[in-house]
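**Q** The residues making up each chain are set out below.
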Amino acid sequence: MADKEKFLGEFEQMTMLALIQLGSDAYGAKIRQLLHSEVNRNVAIGAIYSTLERLEKKGMVTSQLGEATAERGGRAKRFFNVTSQGQVALKRARTAMDRLWQDVAFITLAEVKTFNVIGEF
Amino acid sequence: MNHNIKKCIEHEIFSPPSFAVLLLTWILPATVLEAILGDLMEEFDERSKANNKSARTWFWQQATHTSMIYFKKIFNSPSFIRKLNIVIPLVLFSTAFTLIAWLSYADNLAEYAPGFWQTLLTGQAHMALFDGAFWSSIGDYLGQVDSVWFLFDGPSLIITFFSISLLLYLDRKSTFTALQMASWGYALVILPYIWAIIHINSNHFIATQIGPIMAIGLITFLYMVLPVSFLVHRKLKQVESNAKYKDEKIN
Numbered sequence: 368m369a370d371k372e373k374f375l376g377e378f379e380q381m382t383m384l385a386l387i388q389l390g391s392d393a394y395g396a397k398i399r400q401l402l403h404s405e406v407n408r409n410v411a412i413g414a415i416y417s418t419l420e421r422l423e424k425k426g427m428v429t430s431q432l433g434e435a436t437a438e439r440g441g442r443a444k445r446f447f448n449v450t451s452q453g454q455v456a457l458k459r460a461r462t463a464m465d466r467l468w469q470d471v472a473f474i475t476l477a478e479v480k481t482f483n484v485i486g487e488f
Numbered sequence: 004m005n006h007n008i009k010k011c012i013e014h015e016i017f018s019p020p021s022f023a024v025l026l027l028t029w030i031l032p033a034t035v036l037e038a039i040l041g042d043l044m045e046e047f048d049e050r051s052k053a054n055n056k057s058a059r060t061w062f063w064q065q066a067t068h069t070s071m072i073y074f075k076k077i078f079n080s081p082s083f084i085r086k087l088n089i090v091i092p093l094v095l096f097s098t099a100f101t102l103i104a105w106l107s108y109a110d111n112l113a114e115y116a117p118g119f120w121q122t123l124l125t126g127q128a129h130m131a132l133f134d135g136a137f138w139s140s141i142g143d144y145l146g147q148v149d150s151v152w153f154l155f156d157g158p159s160l161i162i163t164f165f166s167i168s169l170l171l172y173l174d175r176k177s178t179f180t181a182l183q184m185a186s187w188g189y190a191l192v193i194l195p196y197i198w199a200i201i202h203i204n205s206n207h208f209i210a211t212q213i214g215p216i217m218a219i220g221l222i223t224f225l226y227m228v229l230p231v232s233f234l235v236h237r238k239l240k241q242v243e244s245n246a247k248y249k250d251e252k253i254n
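Residue numbers (this note's numbering), protein chains in the order written: chain A, 368 to 488; chain B, 4 to 254.
If you are wondering where the hints come from, they were derived from the structure by calculation, not from laboratory data.
A quick note: this is a predicted structure, and the numbers were derived from the prediction, not measured.
Don't take each hint at face value.
To be verified - Below, in silico cross-link-like pairs of lysine-lysine (DSS-like), each with a Cα-Cα straight-line distance of 27 Å or less:
#1 A:397 x B:56
#2 B:76 x A:397
#3 A:397 x B:247
#4 A:425 x B:247
#5 A:424 x B:76
#6 B:56 x A:425
#7 A:424 x B:75
#8 B:247 x A:424
#9 A:397 x B:75
#10 A:424 x B:86
Stated by the list, open to error - Chain B stretches covered by chain A per the calculated footprint, using a threshold of three residues with CB under 8 Å from any CB of chain A:
#11 35-44
#12 65-78
Just so it is clear, CB atoms sit at the ideal spot from N, CA and C, and this is done for glycine as well.
This is chain A alone, in the form it adopts within the complex (with noise of 0.2 Å):
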């Protein structure tokens, strides 16, 4: 596999995180809501797709066929899984963004207020 096809984007990320969090019910519909409810991000359904056919073809998910149901006009669902190598390129997506995130600080908005003060004498 191409050095390139090893990262994952921040929305790939966050999909894989969100199949792992639903288990064994982890389809289109109910992860489109849950990355509403839980991180705000309203998008459309063929985001998710997209993204999941892309990882798909990288081997780290893989999905099949469940069973249809009346509300959904008797067309059925596709269960999506994280693979074991998916779950290796979470990990070291999470161990680069922590190495990264350490000793990061940011200035506080008490900390400018008072840097302007100090600017204007």
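Start from chain A and add chain B according to the hints.
**A** Structure of chain B alone, referenced to chain A:
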């Protein structure tokens, strides 16, 4: 009876916008169509119980955003671009052939299409495509075509030979991508025609002198458009087979 009417009304209220469903059915690939439509129907069903109007608006938003995402995917796929690279050059070749045949066989254009004749004297032969005289007479003139010698032009052959050689040399030297090949190739296809228009307009030629200059622009275009399309097609096939190989390697 009342029960049936109630059921009909409920069915009417809780149906998602049919045109949005049609749009999705038209654009989405078969691999995701059922799952996406099912997910949307499920969420629409829940939302419409609370507020049907906002549920329909939500369905429309989802359908248009999803269609846009997949439309972009189709448009950016190498196979679609490859098909486009076959269809458009074929149309351009046929158009150029028809235009050259008309200009070669049409009698007394100055009287038959006086408006277009003035435009033609500025080198803009393509303007014939917007002239009624061209479309009304093209069938008759195409019927008169009895040989292909009118398509032979020495300078155009030389320009085509050097242009294609240049493309192949540049490709061998710096290994063109499909985009680079298309940009260079089609630029070389159109360049002689643009040169002809500029050359005619920046000099004061008489009508008989304009013909050979225009022939270089138009006939070079005709000679080059299909070979360039083939070179781009070859590059796009390479891109496609590389992508397939990568997918197989991953799986």
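**Q** Indicate, hint by hint, whether the structure satisfies it.
**A** So, going through the hints one by one against the coordinates:
| no. | hint | result |
| --- | --- | --- |
| 1 | A:397 x B:56 | holds, 22 Å |
| 2 | B:76 x A:397 | holds, 24 Å |
| 3 | A:397 x B:247 | violated, 31 Å |
| 4 | A:425 x B:247 | holds, 13 Å |
| 5 | A:424 x B:76 | holds, 15 Å |
| 6 | B:56 x A:425 | violated, 40 Å |
| 7 | A:424 x B:75 | holds, 18 Å |
| 8 | B:247 x A:424 | holds, 11 Å |
| 9 | A:397 x B:75 | holds, 25 Å |
| 10 | A:424 x B:86 | holds, 24 Å |
| 11 | 35-44 | holds (count 9) |
| 12 | 65-78 | holds (count 8) |
Checked against the numbered hints above, the structure violates hints 3 and 6; every other hint is satisfied.
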